[in-house]
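**Q** Residues per chain, in single letters:
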Amino acid sequence: MTKRVVVLGGGVGGTLVANLLVKKLRPGEAEVILIDEDAQHVYQPGFLYVAFGQKQPANLTRPVRSLLDRRVRILTAKAQRIDPTAQVIATDHGDVHYDELVVATGSHLAPDEIPGLKEATHHFYTAEGAQALHEALKQFRGGHVVVGVAGVPYKCPPAPLEFVLMLDAELRAKGLRDKTEIHFVSPLPRVFPIETVAVKVAPIMESRGIQIHTFFNVESVDPKRREVVSLEGETVPYDLLVLIPPHRGAKVVIDSGLGEAGGWISTDRRTLKATAHPRMFVVGDATNLPISKSGSAAHFEADALVANLIADLRNESQEHKYNGKIMCFLETGAGKATLLDFDYNHPPQPPEPNRMYHWQKALFNQFYWWTVPQGRLPGEKQTKEQQEKAGD
Amino acid sequence: MSTQSNVKIDRVIDARGSFCPGPLMEMIRAMKAAQVGEVVAVLSNESGSKRDIPAWADKSGQEFVGIFEQDGHDQIVVRKVK
Chain A
1 MTKRVVVLGG
11 GVGGTLVANL
21 LVKKLRPGEA
31 EVILIDEDAQ
41 HVYQPGFLYV
51 AFGQKQPANL
61 TRPVRSLLDR
71 RVRILTAKAQ
81 RIDPTAQVIA
91 TDHGDVHYDE
101 LVVATGSHLA
111 PDEIPGLKEA
121 THHFYTAEGA
131 QALHEALKQF
141 RGGHVVVGVA
151 GVPYKCPPAP
161 LEFVLMLDAE
171 LRAKGLRDKT
181 EIHFVSPLPR
191 VFPIETVAVK
201 VAPIMESRGI
211 QIHTFFNVES
221 VDPKRREVVS
231 LEGETVPYDL
241 LVLIPPHRGA
251 KVVIDSGLGE
261 AGGWISTDRR
271 TLKATAHPRM
281 FVVGDATNLP
291 ISKSGSAAHF
301 EADALVANLI
311 ADLRNESQEH
321 KYNGKIMCFL
331 ETGAGKATLL
341 DFDYNHPPQP
351 PEPNRMYHWQ
361 KALFNQFYWW
371 TVPQGRLPGE
381 KQTKEQQEKA
391 GD
Chain B
393 MSTQSNVKID
403 RVIDARGSFC
413 PGPLMEMIRA
423 MKAAQVGEVV
433 AVLSNESGSK
443 RDIPAWADKS
453 GQEFVGIFEQ
463 DGHDQIVVRK
473 VK
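Here the protein sequences line up with chains A and B, keeping their order. Residue numbers for the first sequence follow the numbering used here, beginning at 1 and rising by one. Residue numbers for the second sequence follow the numbering used here, beginning at 393 and rising by one.
Just to be clear, a hint being listed does not mean it is correct.
Away from chain A, derived, C-beta distances all over 10 Å, residues of chain B [unchecked claim]:
| hint | residue |
| --- | --- |
| 1 | LYS400 |
| 2 | ASP402 |
| 3 | GLN427 |
Using 20 Å as the maximum straight-line C-alpha spacing, the simulated SDA-like pairs for lysine to any residue come out as follows [claimed, not checked]:
| hint | chain 1 | residue 1 | chain 2 | residue 2 |
| --- | --- | --- | --- | --- |
| 4 | B | LYS474 | A | GLU232 |
| 5 | B | LYS451 | A | THR214 |
| 6 | B | LYS451 | A | HIS213 |
| 7 | B | LYS474 | A | VAL229 |
| 8 | B | LYS451 | A | HIS183 |
| 9 | A | LYS273 | B | GLY409 |
| 10 | B | LYS474 | A | GLU219 |
| 11 | B | LYS474 | A | GLY233 |
| 12 | B | LYS424 | A | HIS183 |
| 13 | B | LYS442 | A | PRO189 |
| 14 | B | LYS451 | A | THR235 |
| 15 | B | LYS424 | A | THR235 |
| 16 | B | LYS451 | A | GLY233 |
| 17 | B | LYS474 | A | THR235 |
| 18 | B | LYS451 | A | GLU219 |
| 19 | B | LYS424 | A | ALA110 |
| 20 | B | LYS424 | A | PRO115 |
| 21 | B | LYS424 | A | ASP222 |
| 22 | B | LYS442 | A | GLU195 |
It is worth saying that the hints were derived from the structure and are not from the lab. Note that this is a predicted model, so its numbers are computed, not measured. Where a beta carbon is used, it is the ideal one built from N, C-alpha and C, also for glycine.
Make the full structure from the sequences, and use the hints.
**A** Right under this line is the structure:
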């Protein structure tokens, strides 16, 4: 009987894994089904540009079908429960049995976790949020802008830094910068989770007059008084608030009791197997791995995951290792960007921002649709040397 | 349970294997949930925690009790005082 691999989620990780699976499985070895609630694939990094009116949300969404190999079946359905013992997913369109499961259910915003946040803040982590922020920026004539992060982990860690630097550049271009104070709040002791990046970017922010507040864990927001209050006892007033809401794992993961605190699934950092459940793999934001929640992580995880899944399906013991590789660009405003390229053992050493990286990012944003989901972008295949470096 | 300094620990968070800034955020999460007067210990094998957690306690006005080296990891202890 033909075995069945189910991929739950049609984002970067799910789409790429499904495409790689059908390429690497032997004919007739297993069918691959991708389950997604609306079968739409959203290019979330584009939302940053929507906030500045440089991209339209309609251009950031495509049907998952258009990105998938025709051998992958799609089931448009809402997953309600995963039973890892029976190996069944309950959906609003019936139960689906699996022999191997890939959980690619992503991360989701949870603004309700901080009192006052939902009513008060703008953000650019959804299409609607980014559009509303764009409208607010069009109306903005000066005042206190507070930008930052209201909880960790959050996806695309460079994005809040990119936003605040691009905002600075935009306000300068509009002649509003001298009428504006920009404050950046971070729950961490620095502006970015990784120290080598923080020490490069913080001086750029300071040189642009952006005031940095570290160890600022947002406890509540008072929309009437227009103040953000931190757990550490600091209060910052705002006229325009742009806080990235806390993130949580998918509801189906939480409802199924598969998540640790926050709804993230305990995952082996090398093999991408769920640590507590056989026949289950996890890709991208859904994992509990201490790495960026980003499309790039999902992209670079996919090769090892697919190789391990196929070995599992065949009851083979070989093990393929993800080395923690992530690569992404960081916009620094005024048409410049830098590059973050790192893995579990090698922190990023971002070069001086320049125009070339900005244009590379712009090109990547365009070519994404024809490269990453299909597995065509060079780099996702780890060399033997990298495998060895990954160690245990 | 007591540490070398004989402080009674009310909550222990095992953040070993959680990388920067994991243990710091685990401490902050635990302190949010703790009652005033309670003592929270985070177990960490991430070297930055030894610098970041005392700095956070100082900034937030909580009492840093100490860092105690244990079997291959650190126990970092903070008392919630407000």
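**Q** State for each hint whether it applies.
**A** Here is what the structure says about each hint:
Chain A leaves LYS400(B) outside its interface by the beta-carbon criterion, the shortest separation being 24 Å against a cut-off of 10 Å. Non-interface status of ASP402(B) relative to chain A is upheld: no Cβ of that chain comes within 10 Å, the nearest being about 18 Å off. Taking the minimum C-beta to C-beta distance to chain A, about 15 Å, the non-interface status of GLN427(B) holds against the 10 Å cut. Among the hinted pairs, LYS474(B) with GLU232(A) is consistent with the structure: their alpha-carbon atoms are about 10 Å apart, no more than 20 Å.
Taking the CA atoms of LYS451(B) and THR214(A), the gap is about 9 Å. The hint holds against a cut of 20 Å. Proposed proximity of LYS451(B) and HIS213(A) is supported: the alpha carbons are some 11 Å apart, at most 20 Å. Proposed proximity of LYS474(B) and VAL229(A) is supported: the alpha carbons are some 15 Å apart, at most 20 Å. Between LYS451(B) and HIS183(A), the direct Cα distance comes to roughly 18 Å. Compliance with the 20 Å bound is thereby established for this hinted pair.
In summary, the hint linking LYS273(A) to GLY409(B) is supported, as the alpha carbons are separated by about 17 Å, within the 20 Å threshold. Under the criterion of a C-alpha separation no larger than 20 Å, the hint pairing LYS474(B) with GLU219(A) is consistent with the structure, at around 14 Å. At most 20 Å may separate the alpha-carbon atoms for a hinted pair to count; LYS474(B) and GLY233(A) meet this at roughly 10 Å. For the hint linking LYS424(B) to HIS183(A), the alpha-carbon distance of about 24 Å lies beyond 20 Å, and the restraint is violated.
Taking the CA atoms of LYS442(B) and PRO189(A), the gap is near 12 Å; set against the 20 Å cutoff, the hint holds. Taking the CA atoms of LYS451(B) and THR235(A), the gap is near 14 Å; set against the 20 Å cutoff, the hint holds. Restraint check: the Cα-Cα separation between LYS424(B) and THR235(A) comes to about 17 Å, which is no more than 20 Å; the hinted pair holds. In summary, the hint linking LYS451(B) to GLY233(A) is supported, as the alpha carbons are separated by about 9 Å, within the 20 Å threshold.
Restraint check for LYS474(B) and THR235(A): the C-alpha separation of about 17 Å stays at or below 20 Å, so the hint holds. The hinted pair formed by LYS451(B) and GLU219(A) meets the criterion: a straight-line CA distance of about 15 Å does not exceed 20 Å. For the proposed pair LYS424(B) and ALA110(A), the alpha carbon gap of about 18 Å is at most 20 Å, so the pair holds. Simply put, LYS424(B) and PRO115(A) have alpha-carbon atoms about 14 Å apart, close enough for the 20 Å limit, and the pair holds.
Only pairs whose Cα atoms come within 20 Å are accepted, and LYS424(B) paired with ASP222(A) is accepted, the gap being roughly 19 Å. About 15 Å separates the Cα atoms of LYS442(B) and GLU195(A), which keeps this hinted pair within 20 Å; it holds.
Of the numbered hints stated above, the single one contradicted by the structure is hint 12.
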